[in-house]
Every structure is written in C-alpha cells, then in structure tokens.
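Student: The primary structure of each chain is shown beneath.
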Amino acid sequence: MSAEAHGHMEIPFTVHARPDTGLYNGKLGVWLFLASEVMLFGALFSSLILIRTGSTTPWPEGWKELHVYPAMINTFVLIASSVFVIMAWANLRLRKPKVARMWIAATLLCGFAFMGIKGYEYSLSFAHHHFPKTNNFFAIYFTMTGLHGLHVLGGMVVFAYFLTKGWSMHEHEYQRFTNRIEIVGLYWHFVDLVWIFLFPTLYLL
Amino acid sequence: MAQKRQVRVGSQWMYARDAEKALSEALRVMKEEEGHHESFITKYVFSQDHKWIGVQYGVTALCFLLFGFFLMIMMRLQLGWPGEPFWVIKMFFHGDGKLLPEQYNQLGAMHGTIMVFLAIVPLAVGAFGNYVVPLQIGAPDMAFPKLNMASYWCYLPGGLVMLASMFLLQTKGGAAQSGWTSYPPLSDIASQGQTWWLVGMIFLITSSLLGSVNFIVTIIQLRAKGMTWDRLPFFVWAQFVTSFLLLLAFPPLEAAGVLQLMDRVAGTSFFLPSGLVVSGEVLKNAGGGNPLLWQHLFWFLAHPEVYVLILPAMGIVAEIIANNTRKSLWGYRSMVGASIFLGFMSFIVWAHHMFMTGMGQALSAFFQTTTMIISIPSVIILSALFITLWGGSIRFNVPMLFALAFLPMFGIGGLTGLPLGLATTDIHLHDTYYVIGHFHYVVAPGTIFAMFAGIYYWFPKVTGRMLNEKLGKLHFWSSFVFINGIFMPMFYQGLAGVSRRLYDGGIQYAHAKEAASATNPFMSACAVGLFLSQLPFIYNFFTSIKWGERVGANPWQANTLEWVATTSPPLGHGNFTTVPVVYRGPYDYSLPGSADDYLPQTTPEPGTVAAPVIAPAPVVA
Amino acid sequence: MSDHAIEQHDNQEHHDDHDSPENIQKEIRKYLGVFLALVAGTILTVWVRLGPLHLPEGQAILVALIIAFVKGSLVAGFFMHLLNEKKLIYSVLILTVFFFAVLMYLPVTEVLGKFGYH
Numbered sequence: 029m030s031a032e033a034h035g036h037m038e039i040p041f042t043v044h045a046r047p048d049t050g051l052y053n054g055k056l057g058v059w060l061f062l063a064s065e066v067m068l069f070g071a072l073f074s075s076l077i078l079i080r081t082g083s084t085t086p087w088p089e090g091w092k093e094l095h096v097y098p099a100m101i102n103t104f105v106l107i108a109s110s111v112f113v114i115m116a117w118a119n120l121r122l123r124k125p126k127v128a129r130m131w132i133a134a135t136l137l138c139g140f141a142f143m144g145i146k147g148y149e150y151s152l153s154f155a156h157h158h159f160p161k162t163n164n165f166f167a168i169y170f171t172m173t174g175l176h177g178l179h180v181l182g183g184m185v186v187f188a189y190f191l192t193k194g195w196s197m198h199e200h201e202y203q204r205f206t207n208r209i210e211i212v213g214l215y216w217h218f219v220d221l222v223w224i225f226l227f228p229t230l231y232l233l
Numbered sequence: 007m008a009q010k011r012q013v014r015v016g017s018q019w020m021y022a023r024d025a026e027k028a029l030s031e032a033l034r035v036m037k038e039e040e041g042h043h044e045s046f047i048t049k050y051v052f053s054q055d056h057k058w059i060g061v062q063y064g065v066t067a068l069c070f071l072l073f074g075f076f077l078m079i080m081m082r083l084q085l086g087w088p089g090e091p092f093w094v095i096k097m098f099f100h101g102d103g104k105l106l107p108e109q110y111n112q113l114g115a116m117h118g119t120i121m122v123f124l125a126i127v128p129l130a131v132g133a134f135g136n137y138v139v140p141l142q143i144g145a146p147d148m149a150f151p152k153l154n155m156a157s158y159w160c161y162l163p164g165g166l167v168m169l170a171s172m173f174l175l176q177t178k179g180g181a182a183q184s185g186w187t188s189y190p191p192l193s194d195i196a197s198q199g200q201t202w203w204l205v206g207m208i209f210l211i212t213s214s215l216l217g218s219v220n221f222i223v224t225i226i227q228l229r230a231k232g233m234t235w236d237r238l239p240f241f242v243w244a245q246f247v248t249s250f251l252l253l254l255a256f257p258p259l260e261a262a263g264v265l266q267l268m269d270r271v272a273g274t275s276f277f278l279p280s281g282l283v284v285s286g287e288v289l290k291n292a293g294g295g296n297p298l299l300w301q302h303l304f305w306f307l308a309h310p311e312v313y314v315l316i317l318p319a320m321g322i323v324a325e326i327i328a329n330n331t332r333k334s335l336w337g338y339r340s341m342v343g344a345s346i347f348l349g350f351m352s353f354i355v356w357a358h359h360m361f362m363t364g365m366g367q368a369l370s371a372f373f374q375t376t377t378m379i380i381s382i383p384s385v386i387i388l389s390a391l392f393i394t395l396w397g398g399s400i401r402f403n404v405p406m407l408f409a410l411a412f413l414p415m416f417g418i419g420g421l422t423g424l425p426l427g428l429a430t431t432d433i434h435l436h437d438t439y440y441v442i443g444h445f446h447y448v449v450a451p452g453t454i455f456a457m458f459a460g461i462y463y464w465f466p467k468v469t470g471r472m473l474n475e476k477l478g479k480l481h482f483w484s485s486f487v488f489i490n491g492i493f494m495p496m497f498y499q500g501l502a503g504v505s506r507r508l509y510d511g512g513i514q515y516a517h518a519k520e521a522a523s524a525t526n527p528f529m530s531a532c533a534v535g536l537f538l539s540q541l542p543f544i545y546n547f548f549t550s551i552k553w554g555e556r557v558g559a560n561p562w563q564a565n566t567l568e569w570v571a572t573t574s575p576p577l578g579h580g581n582f583t584t585v586p587v588v589y590r591g592p593y594d595y596s597l598p599g600s601a602d603d604y605l606p607q608t609t610p611e612p613g614t615v616a617a618p619v620i621a622p623a624p625v626v627a
Numbered sequence: 004m005s006d007h008a009i010e011q012h013d014n015q016e017h018h019d020d021h022d023s024p025e026n027i028q029k030e031i032r033k034y035l036g037v038f039l040a041l042v043a044g045t046i047l048t049v050w051v052r053l054g055p056l057h058l059p060e061g062q063a064i065l066v067a068l069i070i071a072f073v074k075g076s077l078v079a080g081f082f083m084h085l086l087n088e089k090k091l092i093y094s095v096l097i098l099t100v101f102f103f104a105v106l107m108y109l110p111v112t113e114v115l116g117k118f119g120y121h
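Chains as they are written, first to last, in our numbering: chain A, 29 to 233; chain B, 7 to 627; chain C, 4 to 121.
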C-alpha cells in the first residue's frame with residue numbers, strides 16, 4: 029500500500045535481496061536494530077558491573093534472594109519458543125503455511141507462559157518485601173528483567189498480529205510474509221539471548 | 007564503457023525500461039491516485055513521503071530553534087542587567103518581570119535540551135537527511151516509509167512533553183533545571199519536571215533510533231544503479247556516519263534515562279550514594295549508587311552527539327562549496343576516510359568531559375590522547391574544504407556566504423577545544439564561560455550557519471522558488487557580526503575565571519566581577535541584535551514560499567541527482583520519472599574540454615567536446 | 004555494485020540450493036540438537052552454582068559466563084543463522100562488538116580510576 033501511495037516507483041528490495049549486499053531491506057534493518065539493542069542492554073550490564081564492583085556492602089547472592097527454579101523453567105520456555113518460531117519459518121519455506129501458523133501460535137503461548145511465570149516470580153519477591161528500592165541488587169534486577177519483559181511483550185504483540193490481521197499477507201505476498209517471520213524470529217532469538225545472559229548474572233552469581 | 011551500456015538491466019533494478027514506459031506508468035498511477043484520493047491527513051499529517059516528512063521535521067525544528075533562542079534571550083537579559091524587570095520575562099513567567107534563580111536554571115536546562123535534541127539534530131538529520139539523502143542517491147523513498155513517519159511522530163510528542171513541562175509545571179517546581187546534562191544526584195532529587203524531561207528524552211531517543219536504522223538501510227540498499235560508494239556525495243557519507251553514531255551511541259543514554267527514571271519513580275539508588283545529605287537531612291534511600299555512572303553513560307552518548315551535530319553540517323558545507331567554487335572537492339577520499347575515523351574515535355573520548363571528577367592520571371592521559379587524536383580528522387576535513395577554495399572562481403551567493411563563514415567559525419570552535427581536551431589546562435577552564443564559548447562556536451556560528459546555508463541552498467528544490475538574495479545577505483551579515491559579539495567575549499570571561507550557570511553572570515564574585523560586568527551588557531545587546539537579525543530571514547522564508555522568484559529544476563547548475571534527475575520542483579509525491587543511472591562522481595565541475603562547467607552525475611560522456619579531452623586515468627577499469 | 008552482479012541476479016531467480024526441502028529438514032534436525040544443548044547448558048549452569056561444587060565467587064562467575072557465552076553463540080549461530088550470513092551483517096556486528104567493548108571498558112575506567120587516584 030505504501031509503495032503505490034508514493035507515486036510512480038516502488039521501493040526496491042523490500043522482498044528480494046539486493047545483489048551486491050545479498051540482503052533484503054528488512055533483514056538489514058532488523059540487524060541494525062539489534063545492534064542498537066546490544067548497546068542498550070550492554071549499557072545496563074556495564075552499569076551492573078560498575079555498581080556491583082563499587083558496592084561498599086557485600087553484594088547479595090542472587091540464588092539466595094531470587095527464585096532460581098521458576099527462572100530456570102522460564103529459560104526453558106524461552107528456548108523452546110525460539111525453536112518454535114524458527115520452525116514456523118522453516119515450514120513457511122517448505123510451503124506449509126498452516127503448520128507454520130501453529131508454530132507461531134505456540135510461540136505466542138510461550139510468551140504468555142514466560143510472562144505468567146515472571147509475574148509469579150515478581151509476586152514472590154513482593155511478598156518478601158523485596159522492591160526496586162530495597163537495595164541496588166533488586167533495583168537492577170527489576171529494571172533489567174522489567175525491560176526484558178517489555179521486549180517479550182513487544183514480540184508477543186507482533187506474533188498476535190501475524191496470527192490475526194497480518195496473517196492474510198501470506199495469500200498474496202508469500203515471500204514477503206516469510207521474510208517477516210524471519211525478521212521477527214531474529215528479534216525473538218535476541219530476546220532469548222539476552223535472557224541467557226540475564227539468568228546467570230542475576231540469579232546465580 | 008561501451009560494453010557497460012549493453013548490459014541488460016532486469017526488472018528488479020529498473021522499473022521502467024525507458025522514459026516512455028515510465029510516463030505511461032506515471033499516468034496510470036496518477037489516474038489511480040485520483041481514484042484513491044489521498045486524504046489531507048495521510049498526505050500532510052501522517053505522511054509517509056520522505057520529502058514531506060523532511061519538511062515536517064524542518065518546520066518543527068525551526069520552531070524549536072526559535073523557541074530555544076527565545077529562552078536564551080531571557081537568560082541574556084538577566085545576565086546583562088541582573089535583577090532588572092523585563093517585559094518578556096513577565097510575559098513568560100507571569101511574575102513581576104524579574105527572573106528568579108530557579109527560573110534561570112530551568113531556562114538553562116531547557117535551552118540546551120531544546121537546541122541539541124529538538125532543534126539542531128532534527129534539522130540536520132531529520133530535515134536535510136530525510137529530504138536530500140534519498141534524492142541524492144537516486145532512491146524512490148526511504149527504505150521504510152512507515153518507520154519514517156513513526157520517527158517524526160515520536161519526535162513531536164517528545165518535543166511537546168518538553169514544552170508542556172515548561173508551561174504546565176510552573177506552579178509545581180517548574181521544568182527540568184539540572185542542566186541539559188542532568189547530572190545526578192541533583193537531577194535525582196529535582197522537582198517533577200525532571201521526570202517529564204526523561205520521558206521526553208525516551209521519545210526522542212526512540213525517534214532517532216527509528217530514523218538511523220532507516221537512513222543506514224536506505225543508503226546501503228537503495229542507491230541507484232552506478233551510485234557506487236566513491237560516487238556518493240559527501241553529504242550522504244556524512245549522514246551515513248551520523249546515523250551509525252545515533253544508532254550505537256543513543257541506547258546507552260536510553261539505558262541511563264531508564265535508570266534515572268527508576269531512581270525518581272521507583273525509589274532506587276542507581277545514582278545516589280549512601281548518606282547523601284539534602285537540605286540538612288540524610289536522604290532515606292538504599293544508597294550505594296554512583297553518580298559518576300550517569301556521567302559515563304551520558305557522555306558516552308553526548309560526545310558522539312557532538313559529531314552528530316557537526317558531521318551533517320560539514321556535509322552541507324562541502325556540497326555548497328563544491329558547487330559554488332565550481333571545483334571538485336579537494337581530497338574527497340580523505341574527507342570520507344576522516345569522517346569515518348571521526349565516527350570511530352568519537353566513542354573513546356567521552357571522559358574528557360570528566361577530568362575534574364578525580365578519575366586518576368592514567369585515565370586522564372588516555373582520554374586526552376584520544377582527544378588530541380580526534381582533532382586530526384576534523385582538521386583534515388576543514389583543510390580539504392579550505393584548499394577547495396584555492397583558485398576557484400567563487401560565486402558569493404547567500405548559501406555560499408554561510409558556508410564560507412562556517413569554516414573559520416568552526417575553526418575557532420575546534421581550536422579553542424584543544425585546551426579543554428588537555429587535562430592540565432582543563433582544570434582551570436572547566437565549567438567556565440570559556441567552555442560555553444567553545445561549544446557554541448562549534449554549534450551556533452558553526453552548525454547553525456551550515457543549516458542556514460542548507461536552507462538557502464535547497465529552498466528552491468523544495469518550493470521551486472528562490473529566497474530573496476538581498477534579505478539573505480542582510481540576514482547573513484548582521485547574524486555574523488552579532489553572533490561573534492555574543493560568543494567572542496566568553497573566551498575572555500572564561501579565562502578570567504567566570505563560572506558558567508551563575509544566575510547573575512558572576513558579579514557577586516570578586517575575581518569575576520570585573521570581567522563579567524565589563525562584557526555582559528554588550529553580549530546581551532548582541533543577543534538582542536541577533537534576534538532582530540533573524541526577522542529578515544523569517545519574513546523572507548514565508549514570503550518567498552509564495553512570491554519568491556520562480557526557478558527551474560537546477561538553479562545552481564549542480565551535479566548531484568536531486569537537481570538533475572528529479573521531477574521539477576516543487577516535488578510532489580514520487581521522486582523520479584525514471585530511476586536515474588549514475589555514471590560519474592558528484593563533483594565533476596569545470597572539467598577541461600566539456601562545454602558546460604558542470605557535468606551531472608547522470609551524464610554518460612562529457613557533452614560536446616570542443617578540445618581534445620585530456621582525460622585523467624580511466625575510473626572504470 | 005557491478006553490472007555483472009545485476010545480470011546474474013536477473014537470470015537466477017533468488018532460490019539458491021539453500022532452500023531445498025531436504026536442506027530445510029536437515030536444518031530442523033540441527034535446531035532440535037541446539038535446543039537440547041541449550042537445555043543441557045542451562046541445567047549445567049544451575050548445577051555448577053547450586054550443586055556440590057561450591058566454587059569461589061570469581062570462578063563461579065567465570066564458569067557461568069563461559070557457559071552463557073557458549074549458549075549465546077549457539078543461539079546466534081544457529082537460530083539467528085549467523086553461521087551462514089552475508090558479509091554486510093558481519094560488518095555491522097563487528098562494528099557493534101567494537102563499541103560494545105568500549106562500553107564494557109566503562110566500569111574498568113571506574114576501577115582503574117580508583118587505583119590511579121589513591
């Protein structure tokens with residue numbers, strides 16, 4: 029729709045790769061976005077190190093203060109959802125859109141499961157009167173997991189869109205739809221990757 | 007060359023095989039559009055056309071520029087004549103016309119924030135970048151038009167939040183007043199205006215993130231056929247490097263913003279050390295935080311940000327100088343290399359803003375070394391521009407005047423930065439008016455003059471009409487005189503030890519009194535003069551849109567694609583009737599043997615050749 | 004971009020051998036393998052900390068970070084198919100890694116600063 033509205037020419041390489049870069053626009057775009065996300069979470073990790081090394085009181089041990097096992101289950105949930113979304117993409121490439129749709133739904137369900145378990149964990153912490161203002165350990169725990177949770181939520185919104193309103197695109201622009209799933213997959217794996225680092229640094233060290 | 011032309015170009019690359027086909031296609035689309043009937047809202051409010059978004063950015067940013075300047079006028083009135091009541095201050099703050107200290111602090115913080123984040127960057131990147139980059143590389147639009155629209159619509163709310171904090175919170179402690187740098191612990195315990203500032207900043211960071219992704223993808227993916235990297239206009243290169251700086255330097259500030267927001271809203275202590283005493287009482291917070299963490303994260307962004315402010319300006323100046331000297335840029339490749347190097351280095355100099363935090367000599371030595379190194383690429387670019395002038399038959403039109411003024415003004419700004427980059431001298435000069443003078447020379451008569459140059463240069467592209475030359479010259483010469491009248495005395499004040507951020511300009515301090523009272527009234531008068539100098543521009547801008555002299559597609563006889571390949575100005579939707587093919591670099595001016603003194607990038611061979619061409623070594627092997 | 008490449012692009016309509024069904028099936032098996040490795044890594048990292056080893060803090064941090072790094076590489080390499088990606092993406096990431104390293108240098112400046120000053 030956007031391309032026609034712009035006049036006589038369509039924007040090139042929205043679907044197919046530009047020969048000299050080998051990439052379509054969206055893929056380069058999402059990697060650039062992820063690069064900025066690396067810097068965002070990098071800055072938070074950097075702050076964590078700085079505050080922890082500069083702490084004058086002993087730094088609380090995560091596994092004593094937090095709830096390791098729910099978080100471990102959450103790790104499994106996220107890893108599984110990463111596999112699911114890549115299964116969706118693989119099935120789209122195999123020209124099996126209906127199977128792919130199931131995998132997208134499964135990914136979305138994992139998102140709900142993750143947020144549910146996360147909420148349960150938060151409620152356990154609150155019950156112990158652990159709040160962001162309690163100390164800097166909890167401050168950074170709530171900030172980082174909260175920001176990560178927002179990213180999960182963002183991914184879930186996108187998956188929900190592809191299951192509902194965005195689904196019809198596969199009928200007339202199959203390749204473009206497949207690309208979209210690849211792109212959201214890349215984002216979702218990155219969210220997974222951040223968690224892989226968050227889990228040990230916050231919960232185990 | 008001959009072999010080249012025989013290559014068939016696929017449908018993926020060229021959308022129409024020749025002009026005729028494109029024309030019929032265009033007619034078909036036009037008919038279709040009549041059917042669609044784009045509404046006013048989709049065309050002018052939530053537009054996805056890069057040119058209109060560029061205009062939106064430009065107009066909004068110019069309004070913020072004027073507003074930021076107005077805040078400064080109030081500050082300058084107070085500094086020139088401390089404690090005197092003024093009508094404008096009364097109008098703005100509804101008091102008795104005398105500025106209060108906390109109001110002065112608000113003005114300072116908001117002037118800096120508005121000028122950097124809401125005026126200059128959106129003007130340099132959002133407006134010029136959006137409008138010019140796709141045209142110069144031969145692209146039909148930006149790579150992601152919807153993201154582009156979203157970028158503007160994150161910028162505007164961010165700006166409105168900032169404005170709202172000035173107008174709505176005056177009874178509740180006022181807007182942010184901890185300086186544009188928002189150093190904690192002061193900012194952590196400031197009134198709620200600071201929270202609004204943080205929310206506004208998060209909008210602005212999101213906006214520039216969306217924009218930078220879009221620019222990088224557009225420049226990499228949408229260059230027209232033949233637009234190789236070494237044929238890109240320098241302006242595009244400058245925008246390219248700038249976008250990477252925005253992409254990678256802004257997220258740490260976003261992180262810092264989130265942490266400060268947590269400190270203020272959720273009661274955490276990221277930036278609050280233990281046992282902080284506020285108004286005689288120990289603050290009841292967990293403590294254990296580190297105020298320097300903010301400074302690190304802030305300057306990790308804010309130093310690259312300096313180059314975000316200056317690189318697009320250099321790009322604009324380079325385009326205008328090449329065009330008006332009718333010469334090729336001297337050392338194009340060195341300039342490109344220098345700007346890339348500049349981008350890299352800008353990430354490892356941040357702590358030269360923090361020499362006074364007691365960070366130790368080893369680190370000071372490291373950061374002052376990198377700071378000295380980063381001055382080299384700036385000097386390379388500036389020297390290349392100066393050498394380009396050598397032997398040219400210069401056309402002194404208004405854009406060229408502004409571009410020429412940029413060179414020495416930025417030179418002064420850059421050279422006065424050296425003593426600040428050396429830890430020893432910085433100890434004396436830190437937080438004095440010398441610093442203010444230094445960075446304002448870089449940004450105000452530097453970047454803003456380049457922005458004006460760009461406005462005068464590309465105005466006929468946007469509107470199809472010229473800005474009035476006489477009013478333009480009046481604007482230039484008066485601005486040039488007054489702006490130096492404001493900033494030059496600051497070096498003297500700073501060397502005399504007058505601190506910045508003083509509500510009365512320093513007259514209460516014995517050591518600073520003489521320097522301050524001798525110069526402040528003059529500087530403030532110049533500020534008012536500078537304000538009056540902008541009136542001819544504002545008048546010129548609005549009247550020329552309607553009544554300016556009509557010009558054709560290429561009034562400056564330029565080479566770059568935005569002048570030679572587009573549909574005629576004013577540009578509606580759609581950039582080119584056919585996708586342009588590029589055959590040469592952007593600065594082939596006054597080539598020996600060609601009939602005209604310019605050769606558009608779309609020209610395959612030099613036109614009618616009068617004399618035998620003494621061709622340089624063939625570019626294409 | 005060379006004209007040659009454009010011509011090539013025209014003739015060969017995008018589908019490389021990469022997209023053959025057999026290949027995709029093979030990839031899917033790989034994903035399952037990676038999944039199992041990630042689960043194992045997660046259990047390992049928890050066991051190292053909460054199991055009978057009782058490593059001192061420094062070593063525990065080192066081990067946990069090594070495991071996390073391996074897991075992260077698996078995700079990036081296979082799920083995000085970085086192992087088989089275009090040069091341009093690598094360049095973007097190398098650039099990011101450089102700036103990320105600078106960012107990680109930031110707490111170092113604080114620690115160094117303390118030593119330098121006292």
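If you're looking for bench data, these hints aren't it; they were derived computationally from the structure.
Honestly, I wouldn't trust all of these hints.
Below, a list of computed lysine-lysine pairs in the DSS-like style, where the Cα atoms sit at most 27 Å apart [to be verified]: (1) B:Lys104 x B:Lys178; (2) B:Lys290 x A:Lys92; (3) C:Lys90 x C:Lys29; (4) A:Lys193 x B:Lys96; (5) B:Lys104 x B:Lys476; (6) A:Lys193 x A:Lys92; (7) B:Lys290 x B:Lys178; (8) C:Lys33 x A:Lys124; (9) B:Lys231 x C:Lys89; (10) C:Lys90 x C:Lys33; (11) B:Lys231 x B:Lys178; (12) B:Lys290 x A:Lys161; (13) A:Lys161 x A:Lys92; (14) A:Lys193 x B:Lys479; (15) A:Lys126 x A:Lys193; (16) A:Lys126 x C:Lys90; (17) B:Lys178 x B:Lys96; (18) C:Lys29 x C:Lys89; (19) B:Lys552 x B:Lys476; (20) B:Lys152 x C:Lys89; (21) A:Lys126 x C:Lys29; (22) B:Lys152 x B:Lys49; (23) C:Lys29 x A:Lys124; (24) B:Lys476 x A:Lys161; (25) B:Lys231 x C:Lys29; (26) B:Lys552 x B:Lys49; (27) C:Lys33 x C:Lys89.
Across the chosen pairs, the derived CB separations fall in these ranges [said to hold, decoys possible]: (28) B:Met494 x A:Thr85: 50 to 56 Å; (29) A:Gly174 x B:Tyr189: 41 to 47 Å; (30) C:His57 x A:Thr81: 45 to 51 Å; (31) B:Gly281 x C:Val73: 40 to 46 Å; (32) A:Tyr97 x B:Gly179: 19 to 25 Å; (33) C:Leu58 x B:Lys290: 34 to 40 Å; (34) C:Val42 x A:Trp91: 42 to 48 Å; (35) A:Trp91 x B:Tyr189: 25 to 31 Å; (36) C:Lys90 x A:Val96: 39 to 45 Å; (37) A:Thr81 x B:Leu538: 52 to 58 Å; (38) A:Arg204 x B:Tyr189: 37 to 43 Å; (39) A:Thr81 x B:Gly179: 31 to 37 Å; (40) C:Ile64 x A:Gly182: 43 to 49 Å.
Only a predicted model underlies this, so the values are computations on that prediction, with no experimental measurement involved.
We put the beta carbon where it would ideally sit given N, CA and C, even for glycine.
Student: Hint by hint, note whether the structure agrees.
Tutor: Verification of the hints:
no.: 1; hint: B:Lys104 x B:Lys178; in the structure: 19 Å, holds
no.: 2; hint: B:Lys290 x A:Lys92; in the structure: 25 Å, holds
no.: 3; hint: C:Lys90 x C:Lys29; in the structure: 24 Å, holds
no.: 4; hint: A:Lys193 x B:Lys96; in the structure: 54 Å, violated
no.: 5; hint: B:Lys104 x B:Lys476; in the structure: 39 Å, violated
no.: 6; hint: A:Lys193 x A:Lys92; in the structure: 45 Å, violated
no.: 7; hint: B:Lys290 x B:Lys178; in the structure: 22 Å, holds
no.: 8; hint: C:Lys33 x A:Lys124; in the structure: 19 Å, holds
no.: 9; hint: B:Lys231 x C:Lys89; in the structure: 21 Å, holds
no.: 10; hint: C:Lys90 x C:Lys33; in the structure: 23 Å, holds
no.: 11; hint: B:Lys231 x B:Lys178; in the structure: 58 Å, violated
no.: 12; hint: B:Lys290 x A:Lys161; in the structure: 10 Å, holds
no.: 13; hint: A:Lys161 x A:Lys92; in the structure: 18 Å, holds
no.: 14; hint: A:Lys193 x B:Lys479; in the structure: 56 Å, violated
no.: 15; hint: A:Lys126 x A:Lys193; in the structure: 15 Å, holds
no.: 16; hint: A:Lys126 x C:Lys90; in the structure: 33 Å, violated
no.: 17; hint: B:Lys178 x B:Lys96; in the structure: 18 Å, holds
no.: 18; hint: C:Lys29 x C:Lys89; in the structure: 21 Å, holds
no.: 19; hint: B:Lys552 x B:Lys476; in the structure: 17 Å, holds
no.: 20; hint: B:Lys152 x C:Lys89; in the structure: 26 Å, holds
no.: 21; hint: A:Lys126 x C:Lys29; in the structure: 21 Å, holds
no.: 22; hint: B:Lys152 x B:Lys49; in the structure: 13 Å, holds
no.: 23; hint: C:Lys29 x A:Lys124; in the structure: 16 Å, holds
no.: 24; hint: B:Lys476 x A:Lys161; in the structure: 62 Å, violated
no.: 25; hint: B:Lys231 x C:Lys29; in the structure: 38 Å, violated
no.: 26; hint: B:Lys552 x B:Lys49; in the structure: 20 Å, holds
no.: 27; hint: C:Lys33 x C:Lys89; in the structure: 20 Å, holds
no.: 28; hint: B:Met494 x A:Thr85: 50 to 56 Å; in the structure: 52 Å, holds
no.: 29; hint: A:Gly174 x B:Tyr189: 41 to 47 Å; in the structure: 25 Å, violated
no.: 30; hint: C:His57 x A:Thr81: 45 to 51 Å; in the structure: 23 Å, violated
no.: 31; hint: B:Gly281 x C:Val73: 40 to 46 Å; in the structure: 42 Å, holds
no.: 32; hint: A:Tyr97 x B:Gly179: 19 to 25 Å; in the structure: 46 Å, violated
no.: 33; hint: C:Leu58 x B:Lys290: 34 to 40 Å; in the structure: 37 Å, holds
no.: 34; hint: C:Val42 x A:Trp91: 42 to 48 Å; in the structure: 19 Å, violated
no.: 35; hint: A:Trp91 x B:Tyr189: 25 to 31 Å; in the structure: 36 Å, violated
no.: 36; hint: C:Lys90 x A:Val96: 39 to 45 Å; in the structure: 41 Å, holds
no.: 37; hint: A:Thr81 x B:Leu538: 52 to 58 Å; in the structure: 55 Å, holds
no.: 38; hint: A:Arg204 x B:Tyr189: 37 to 43 Å; in the structure: 48 Å, violated
no.: 39; hint: A:Thr81 x B:Gly179: 31 to 37 Å; in the structure: 35 Å, holds
no.: 40; hint: C:Ile64 x A:Gly182: 43 to 49 Å; in the structure: 30 Å, violated
In this structure, the earlier hints numbered 4, 5, 6, 11, 14, 16, 24, 25, 29, 30, 32, 34, 35, 38 and 40 are contradicted, and the remaining ones agree with it.
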